[in-house]
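S.K.: Here is what each chain is made of, one letter per residue.
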Amino acid sequence: MSLETETMAAEGQETERRLNMIEAINDALDIMLTRDDDVIVMGEDVGYFGGVFRCTAGLQKKHGKTRVFDTPISECGIIGVAVGMGAYGLRPVPEIQFADYIYPGLDQLISEAARLRYRSATEFIAPMTVRSPFGGGIFGGQTHSQSPESLFTHVSGLKTVIPATPYDAKGLLISCIEDNDPVIFFEPKRIYNGPFSGFYDKPVEPWKKHKDSVVPEGYYKIPLGKARHVTQGDQVTVLTYGTMVHVAEAVCAAKGIEADILDLRTLVPLDIEAIEASVKKTGKCLIVHEATRTSGFGAELSALVTERCFYHLEAPVERVTGFDTPYPHSLEWAYFPGPVRIGEALDKIVKD
Amino acid sequence: MAKPADTPPHTGDNRPALALHVPEPKFRPGDVADFSDIVVGQPGDQPRPDEATKPEDMKDLAYGLVRVLGDDNKAHGPWDPKLDAETLRAMLGHMALVRAFDERMFRGQRQGKTSFYMKCTGEEATSVAASMALASDDMVFPSYRQQGILLARGYPMIEMINQIYSNKGDKLKGRQLPIMYSARDHSFFSISGNLATQTPQAVGWAMASAIKGDSRIAATWVGEGSTAEGDFHSACTFAAVYNAPVILNVINNQWAISSFSGFAGAERTTFAARALGYGLAGLRVDGNDALACFAAQQWAANRARANAGPTLIEFFTYRAEGHSTSDDPSGYRSAQEREEWPLGDPIMRLKDHLIAIDEWDEDRQAAMDKDCAQRVKATTKQAEANGILGHGLHHPFHTMFEDVFEELPWHLEEQAEQATRERKIKWPDQHPKDFAGK
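Chains as they are written, first to last, in our numbering: chain A, 1 to 352; chain B, 1001 to 1438.
So here's chain B without its partners, still in its complex pose (with noise of 0.2 Å):
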């Protein structure tokens, strides 16, 4: 039988030979990276229509990039949201907590303390901004690099580190990888581990409270690579169709692991702009200026609570760090990418914008890095008082069965009985205390 590879090309006619086009990013290691090709305009040059705006009478929204704190560290144009200084300094607290949180967090894995650690360095306006600009029973359906929200709506972070070092105190019974929390009573969505699957749940939830002629909307992260997944094209689809009140926001970190932007598509259009297909209404915003990210996500939700619409949101930021701790970047792009950003570092942006305002100095911000370290300290040790992963199996045997179904049927009750059989004999000399059944 003829293999494909047998047969000819069909050549040699008129016809120009195809080409198979397969994008390639601009730098790879030891390269020297310009991003001068970036249009990154200037802040305040983007209007801000109202908030029920037509989709297709705020296109240019979707292409141009929605900026506020300029290189003078001022805040500039319509899209300011005007926050007074505590506001912005709890802001500048929450994005300093979480670089702290991450910087340990992540050394706790290299000292085997865990299995497994995600920083958002780099990303943490896109969580702790955009979160601030929600109410706070607003539903979020995160992916895995948010936990800006989860520190920003003051969710303890005790129950971080349990969860991360899956120990006896974890509320997950140490069933999920590490930072895929779930903490229902700050209205945020348990974390798959699965791309983009939230992203339809989102709009589900939003639909329901539309359903109920409740006020709370949903609001969804997902990055860009995992656009290209069905989940997320069923996602607009049903927020448009529906017009549902959710928010979609694509973090455009540049990386996918070790895949660019361009597999995703970012070679021939933005993110931001697949909203108009959908008809929804489309931004696209500097994801490095915490105010910018405050204000798109303020609008966006004032849109879809007056039942205006949904809003897809593409927050144009950077990866600095690694896709996880089991990823090392050298190995696929350019070290010097970080430097050249030209959108520069959300933490130090927002707090030369305090100094330049007069309501911030570079000795309370020293202070406030020192008390972020030490809180994270602190907790940790609190935490590692609960385990850390992989010494003393802390869940009682019987939990790996319960909560599969609502009641244990028969055959997991029979699993059971043999997995307490069998860990007499995998570990006779632990104390049956740290087995005790239910």
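One chain only, chain A, in its complex shape (with noise of 0.2 Å):
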């Protein structure tokens, strides 16, 4: 066969094979589960069942009770017996839930995983993958919709990871498990089943239609730390992640902006080189997060720009995002910085 027909096949092959997010999570976890001894899958409800978006189902059938098991309901008690099966030599991937039932297992991350390798100076390490479910969209209330994510990223110590589509779901998922660092993996729940335009009131698009839920079979790895490119423009630079990737493609394809839109896809460490490059050719920079305002990731990301491009600038660095509030349930697509916000803001740095 020669490698051009050999191509062909492959591609032929991957255009059969198309995953939506928990699909490819669910991949990602069996090829690690395979092929590594140590990795061991917990969390409530995670294993017979296969968890409440199902992205474990049939693991446990396959590898076994001892290796994907389901735990007491203590977000402590499963960080803190991660930290201990860490020490011990496994690759414990605990499931919180949701990411607002994270915080009982705060001090187990910050005070321990995170600072473990550094407090005994390598003696032991805490690797471990904490894969949660996060953000709105779904009718989740309060307490089945927030973004924790700049709560980890101020933490020394801890690497903050979001997929925005289900190739790099599996890819950056492979790479987490197989990090010596303890990992937040955020999964934008809103994006599991297809890609999110913010326009809630048209049917849901399934992942199929989409170019990235194409999922190879088997093992690959996204790089943390790299950036990846949506779209190319010179206009602007969008600076985001999760499911707000999605939403700013469509407004920007929808008012015809050429813009440079950026899925950070890994926010601590982040990839500092692309996004002064692209602030850099656009002289503009607006960042899209679902999460709440002050203090938020956002913030930091206007502080870097601001302070490593400035004199690229053509407009102040703009930021949308969810309102300083709990998330409500009623009114939540009022909450939701969708189309209308980052339209808004759109309009106001392109012009300026």
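Accuracy of the hints is not assured; some may be wrong.
[As the list claims (entries may be wrong)] Mimicking EDC-like on lysine to aspartate or glutamate, the simulated pairs with C-alpha atoms at most 20 Å apart in a straight line are:
(1) B/LYS1074 to B/GLU1362
(2) B/LYS1171 to A/GLU123
(3) B/LYS1212 to A/ASP70
(4) A/LYS255 to A/ASP234
Hint data in this document are derived by calculation from the structure and do not stem from the laboratory.
Source: prediction; values computed, not measured.
Put the two chains together into one complex; each comes in its own frame, and the hints tell you how they fit.
M.R.: Printed below as a string of structure tokens:
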């Protein structure tokens, strides 16, 4: 078989295998459980049942009850035992059922997992990937919608990773599991089943129509700390991640704005080179995240862009974020930083 | 808007007024301490069940007190571990060394050689004797008062002093508060400083060992005050749920800084009795009786190693000194308590036992004490050659930024460069060698 036909065959196979984000995550976990006996998946309802969002479906049956199992409803305990397992030499992948539930585990993450390597001068490490669905847009109310990423990016010793496509979700998750540092892996649950344009009243688009739902079989990695160019353009740089990647892309397309959209993918460590290069090219920067505004990760991005690209900026850096309120239930779509809020900010910054 | 204080209490009907109970210790400074109400039972009076016994079939052991050494200095009853004289002398030697070490390090802090120290005076048996009942590769997750484990396991004393002095010999690179040791090669987990966080970690380690079909077990130590933390509850729950091969040791030394054990619930029940609600085996043990400490830990280790389940052990003891060098207990408790403590001193009791069985004498005791003091003194001198805290800024600036992550990300590299620039302004006279970068 010639090289050309090999490539075509591979492409042909790829086009047949389209996964949504849940399936891509399940695939990554399955591959890592198979490749590495030290990988353990645990969390509330993840075992026999396969997780409330089905991300661990079938894994217990395939890999056994001591590799994939349910836990007590105790986030402190889940993270605490994961630290001990990491110290033993395992690579636990605990699931926190919703990011909103992660707070009882914060001390174990902030004071223990994140600092173990440092305080023991590398005698002990706590490799773990804490998976957790985050973000709103599913009528989850104030306890099933939060985006607490900046609580973790503020902690020295933790990495924070957020995928926006099935292809990235698989490749990033494999990188996280193999990483020797503790990683927070937030899964944007609004886009588990399909990318989201932000027009909540339109029917959900399934992932299979999206180019990034093509997920190759087998093992591959996407390096942490590298952003992804979603679109290339020179009118404005848009820095975003998670669900908002798709919303921002849809708004720019609808407005005919040629934007340089960067899906950051990893917040810590941040791809500062890609950010600087883009802002220096466009001279304008819009930051979009769903999390609350004050002390959100956008504030860090805004400061970095201002510090590093000030003399290239032609307009003040703009932020589009969630409001500084709890995530409301009935007013979810009034809260959500959707097309109107993004559109206004784009108009302002592009016209300036 | 109405404030709660503006709302009158709901009284005047037939319901009685409620009253809040705020615990108060029995004795405060100046009070005569009288512990005659503490029931200590008789040495040998507690049964020793089989290690596979169900927790509900050994409930009384969570309320009684396992004791071996009697007032006659003899070993009594089924919990006598029947150790040979050589082992007993080694146990006594380790405990004496810990006490000599504590004395010297405490003085070193007062002399300004370091910032902080914590003694374990009166509690030596709970770490030394207990850890001697474990295999040397069983993983221990200590709190901050278990220096006895390190010395009993033969960890080099100079490493401990280097750490206490945060000097250039400190293999933790001067990052941790003094006494927060880490000794992986002695199966001794890094001490956090945050309380009770080590308890679920020990359970996780034990779960991992069980997942892997290993034969090593885990043991953790936590103060009675810290059992109030949610982490301890999580640890008990996970230990019970997964039948983890782990021992949860609660050191009830009566005081958590200035708060007596009543603020952790001791007025209502024993700490060992916490085990019962979780379905863990619970043992309450005289923590000043080295033989009882050994025997209880051995029982729990046998149980864990046989997959028969985790054990929660309460060591009933007394913190004879202040919480730390930053604490002055004369401000909150009666100075008489130490003298009046009904269970004596663990070192004296073991010494008297060895003498009673004709395996020791006062002369040898005096020689041992002298030898311990000399060893500590000599090692201290050796460690001081590596520097003491605050003199010489012993660790290269770059080490401040290393090990946050496995690899240094760009933002830490930038900050490391800043620290290096600042050093020339802050300490222009220092020899560059002292700050040698990576």
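S.K.: Work down the list of hints and note, for each, if the structure agrees.
M.R.: Okay, the hints, checked on the actual structure:
no., hint, result
1, B/LYS1074 to B/GLU1362, "holds, 17 Å"
2, B/LYS1171 to A/GLU123, "holds, 10 Å"
3, B/LYS1212 to A/ASP70, "holds, 18 Å"
4, A/LYS255 to A/ASP234, "holds, 14 Å"
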